[in-house]
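Chain by chain, the residues run as shown.
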Amino acid sequence: MSERGREDIPIRRLKGWRLILRYILLAAAAALFLLPLYWMIVSSLKPEYEVFAVPPAWWPSPPLWQNYRKALTELPFGRYALNTILIAVGAVIGHVVSCSLVAYGFAKLRAPGKNVLFIILLATLMLPYPVVMIPQYIIFSELDWVNTLKPLIVPTFFGNAFYIFLLRQFFMQIPNDLIDAAKIDGANLLQIIWYVILPISRQAIATVAIFTFQFAWNDFLAPLIYLQDQSRYTLMLGLRFFRSSFEVNWAYLMAASLSIAAPVIVLFFFTQRAFISGISMGSLKE
Amino acid sequence: MKKKNLFIGIGALVLASLAISACQPAATATGFETDVVVLRAGTGDSGEGLNPHQSIIADFEDQNENVLVQLEAIAGRDYYTRILTQIAADRAPDVMNIGDDAVPSFVEKGAFVPIDACLADLEFDSSVYLPGLLEPGTVDGELYFLPKDYSTLAVYYNKALFDAAGVDYPQDGWTWDDLLETAQALTEDTDGDGQNDIWGIQLPANWTTGFEYWVAAAGGSLISEDGTSYVGYMDSDATIRAAQFYADLYNEYQVAPPPADFSAFGGGNSEFDNGQAAMRIFGRWPQAGMLDNPNIDLGVVGTPSDAVEANILFWGGFGISSTTDNLAEACNFLSYYAGPEAAQTWKDWALPAVTSVAEMPEVADDPLNSVWIDELDDLKPRAYTFTPYWNESADPALRTALETILLEPDADVAAVMGQAAQDAQSALDELLAE
Amino acid sequence: MFGSNTQKGKKLTPFRRKEARAFYLTISPWLIGFVLLTVGPMLYSLYISFTRYDLLSPPEWAGLYNYLEKMPNDARFWQSLKVTAIYTAAYVPLEMIGGLMLALLVRERVRGIKVFRTIFYLPTVLAGVAFAVVWLLLLNPRGGLVNLGLKAVGINGPRWLLDPDWALFSLLLMSFWGWGRAMVIYLAGLQSIPGEIYEAAAIDGASRWDSFWRITIPMLSSTIFFNLILSVIGTFQTFTNAFVATDGGPLDATLFFVLYLYKQGFDLRNMGYASALAWVLFVIILVFTLLIFRSQEFWVFYAGEKTDE
Chain W
1 MSERGREDIP IRRLKGWRLI LRYILLAAAA ALFLLPLYWM IVSSLKPEYE
51 VFAVPPAWWP SPPLWQNYRK ALTELPFGRY ALNTILIAVG AVIGHVVSCS
101 LVAYGFAKLR APGKNVLFII LLATLMLPYP VVMIPQYIIF SELDWVNTLK
151 PLIVPTFFGN AFYIFLLRQF FMQIPNDLID AAKIDGANLL QIIWYVILPI
201 SRQAIATVAI FTFQFAWNDF LAPLIYLQDQ SRYTLMLGLR FFRSSFEVNW
251 AYLMAASLSI AAPVIVLFFF TQRAFISGIS MGSLKE
Chain Y
1 MKKKNLFIGI GALVLASLAI SACQPAATAT GFETDVVVLR AGTGDSGEGL
51 NPHQSIIADF EDQNENVLVQ LEAIAGRDYY TRILTQIAAD RAPDVMNIGD
101 DAVPSFVEKG AFVPIDACLA DLEFDSSVYL PGLLEPGTVD GELYFLPKDY
151 STLAVYYNKA LFDAAGVDYP QDGWTWDDLL ETAQALTEDT DGDGQNDIWG
201 IQLPANWTTG FEYWVAAAGG SLISEDGTSY VGYMDSDATI RAAQFYADLY
251 NEYQVAPPPA DFSAFGGGNS EFDNGQAAMR IFGRWPQAGM LDNPNIDLGV
301 VGTPSDAVEA NILFWGGFGI SSTTDNLAEA CNFLSYYAGP EAAQTWKDWA
351 LPAVTSVAEM PEVADDPLNS VWIDELDDLK PRAYTFTPYW NESADPALRT
401 ALETILLEPD ADVAAVMGQA AQDAQSALDE LLAE
Chain D
1 MFGSNTQKGK KLTPFRRKEA RAFYLTISPW LIGFVLLTVG PMLYSLYISF
51 TRYDLLSPPE WAGLYNYLEK MPNDARFWQS LKVTAIYTAA YVPLEMIGGL
101 MLALLVRERV RGIKVFRTIF YLPTVLAGVA FAVVWLLLLN PRGGLVNLGL
151 KAVGINGPRW LLDPDWALFS LLLMSFWGWG RAMVIYLAGL QSIPGEIYEA
201 AAIDGASRWD SFWRITIPML SSTIFFNLIL SVIGTFQTFT NAFVATDGGP
251 LDATLFFVLY LYKQGFDLRN MGYASALAWV LFVIILVFTL LIFRSQEFWV
301 FYAGEKTDE
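Protein chains in written order, with this note's numbering: chain W, 1 to 286; chain Y, 1 to 434; chain D, 1 to 309.
It is worth saying that the hints were derived from the structure and are not from the lab.
Here the structure is a predicted model, which means the values were calculated and not measured.
There's no promise every hint is true.
What the hints assert, rightly or not - Beyond 10 Å from chain Y on every Cβ pair, some chain D residues (computed):
{"#": "1", "residue": "L56"}
{"#": "2", "residue": "N140"}
{"#": "3", "residue": "R142"}
{"#": "4", "residue": "L162"}
{"#": "5", "residue": "L172"}
{"#": "6", "residue": "F176"}
{"#": "7", "residue": "G249"}
{"#": "8", "residue": "L251"}
{"#": "9", "residue": "F293"}
Claimed, not checked - Below, in silico cross-link-like pairs of lysine-lysine (DSS-like), each with a Cα-Cα straight-line distance of 27 Å or less:
{"#": "10", "chain 1": "D", "residue 1": "K263", "chain 2": "Y", "residue 2": "K109"}
{"#": "11", "chain 1": "Y", "residue 1": "K109", "chain 2": "D", "residue 2": "K114"}
{"#": "12", "chain 1": "D", "residue 1": "K70", "chain 2": "D", "residue 2": "K82"}
{"#": "13", "chain 1": "W", "residue 1": "K183", "chain 2": "D", "residue 2": "K11"}
Note that CB positions come from ideal geometry on N, CA and C, so glycine has one too.
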């Protein structure tokens, strides 16, 4: 199977009553987390006027599975999904490439003014988006990038404070000996990053990837203002379709929301090994 | 192996979506000859409400081969966020749909151009509309907007519940007393658990605009005619009477189900839709859904009067952006979009704005639609027409007042309205002083 | 605070100079993007905060009006500050601890753990609107599962999102669903703790409790630091749930600061005032962040050597 084997497990394996207790706790927590999800699924299968009914039905009879088909065919969700995937994949590449580089600098290199710059980096997270939205829109409008996917992908190649910070924290955990050893062997900056830092930081980088993907999937405000004609809409914009000024189609909205979230959830499930298990520091001996 | 998983996962997603999108209709044309004009039309409509837009646009494009219309639609509140951003960047759509209360401020700030001149060039006859429907789109005597759709308020009722309780259907010309009596006759606690199961009438909670009807019917006004004073109006006897009656329906007589939420949607109460409320006062927007609802045998009647017969108009219109490069084309499209030919399409989705369509037998004789249209005779002016600062000064105060009297059964309505008037007044004074 | 490496007047050795050049090279993507796309809009919004701007016509200079006259007299401003402060003070510790607990629960590779991890992460993926609406349903005073459940044990539940006294608490209640993100980050941090340390500690007779507090927590401190900073910065800017579920109500009980700012900017078209509000929030967040940074030296431990000094 995997040569990763068992390095990622702390030494004590759970046995006996500890294991059972663990499962009980997990089950309890999971039930709590699943309750709202369950209610979403139930609501999505009800006819529209029953969604807010009092008292509510625990399971609709009959369950309207066609709500899913109807909700998803009202709009070209396939095209929206494609747009969204393009943005998400582009953003992942952009973030992984740029944030690793920048984070390495903040983590391992010394320079005058570095700490001030780091604070400025964080400060960019502190101003709420709605007030920078408009001047940024004007910039992109001057570039004639409005109504394209570019304003949503290109900026990711310039890094993102959240992920730079996250990777910086991880890189700071890497013992300097490894880097020094590589330098002695004559590695330059990029080689250090590629051969030393990245392999160790797989899980952190994969974390950046999954978070970026999920954020891009769910992003609303930026696509709202940058994507004008419907053929370029993302899934989140498509979701707004089920709302009009005075009425909302709840059942369809739930069905669509669940369907839209499903790919990311599936992606998380299958790729979690990438960012939750990894080589632990201690097993690296050079 | 985990890297492989990642790639497989992403690869599968990309392939899947490529496959799906291949079955979807093609995108709007991106390559075109240089003499094709592309008009952008923005609207806050959503859902199925986009169908008439799309079919009218398709018809227009057939008749005007060198024009392509790009529809940019997004629902409600987000629509305003988007067009405000676009206007700030001088990138507004050529034709925009906005609501009545946005007209004064948008026009005052120069976001739209007057259309009298270009319509005259097209020999467009603007008298084709029902009386009163051009007014919300007219500012200082100049016409800026053509009507798109409108609604009044009316009372929906569920004949099935009335029949079951043996109560007569409400008749036009009824009063608030009749409303109370009817609602009480229909409200029932069927299973004896101390909670009502069938309600007389579903009310729209803290909806401030809808509240204007109650005030108008009681003979009052929320603001002075010159638009400078709330004190003496928002807290007048008539207004207090309206607020008291409204609150009493909820708390004292308990004929109205408690509000389900105060969220931006206001869509929480669904007793009427579930056949648990016999009546509902609202605009025409949900009517189509109600007709499809097996729980409801639908009837519609005009709003009850108190001191006077009153109703209020909700209106949306199309105008032309002041930053458009294609005024003549946009005007041409506008006259089509809102004109008599497109009205044939609109009539299936909303009340017709064009007189000739309104007089068609299928519309005029429709027992439901005729009620809505007849209510146009009792219109009282909307509060926003008296001051451009209505949304900022009065709306929050009024909303707080409504929420207070609904949530606290012991609240002193007169005091609450007095407070609202004060708050609105000080906000207004500040704005006027700027 | 960060160590003094801005040694004024002290020349850098060629080695240090080379390192500084390398530093600026590595951060150049961010720096360029900052200059081109971020600093301009930020400064522009600062400028706007000194104007009256309704988005439809050009901004008009208003000096300090927004800051000195409008804000202090604006009851809703103070209310939104209060709401945001209370919520942040409650939510940040909850998320920090809750996320850690979840991470500890799922770090072991027992059977089916992948499913559990996904379950806990799942809510963060479900988009804002549907999430909030589901809670509106669950917390419905008459028909929602929560109150029905309470009724079954004889308690008359409050009106939750409709009650000014309970609305904020309701949002806090709903917020546990968002712990998945912190959990994932903690998991990544936990994975980087070498197993040998636990082994050695066990040999020395340390109990599980001991090794948790003396090994896990300190080795996790840089992750905790990260989560703390991001949580503070993010929670002060809470927006979506209030926007969708309550629109700030009832009676402004859930009028979060960024929600209020958004309403001022886009509903009321007071973009100047909204920008001023944004900058006030900025300063508040900055102060808290700097405080947390300052405290770093007392409790944060980096396994690699610190390079700030």
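Earlier hints that do not hold, by number: Failing hints, ascending: 1, 2, 3, 4, 7, 8 and 11.
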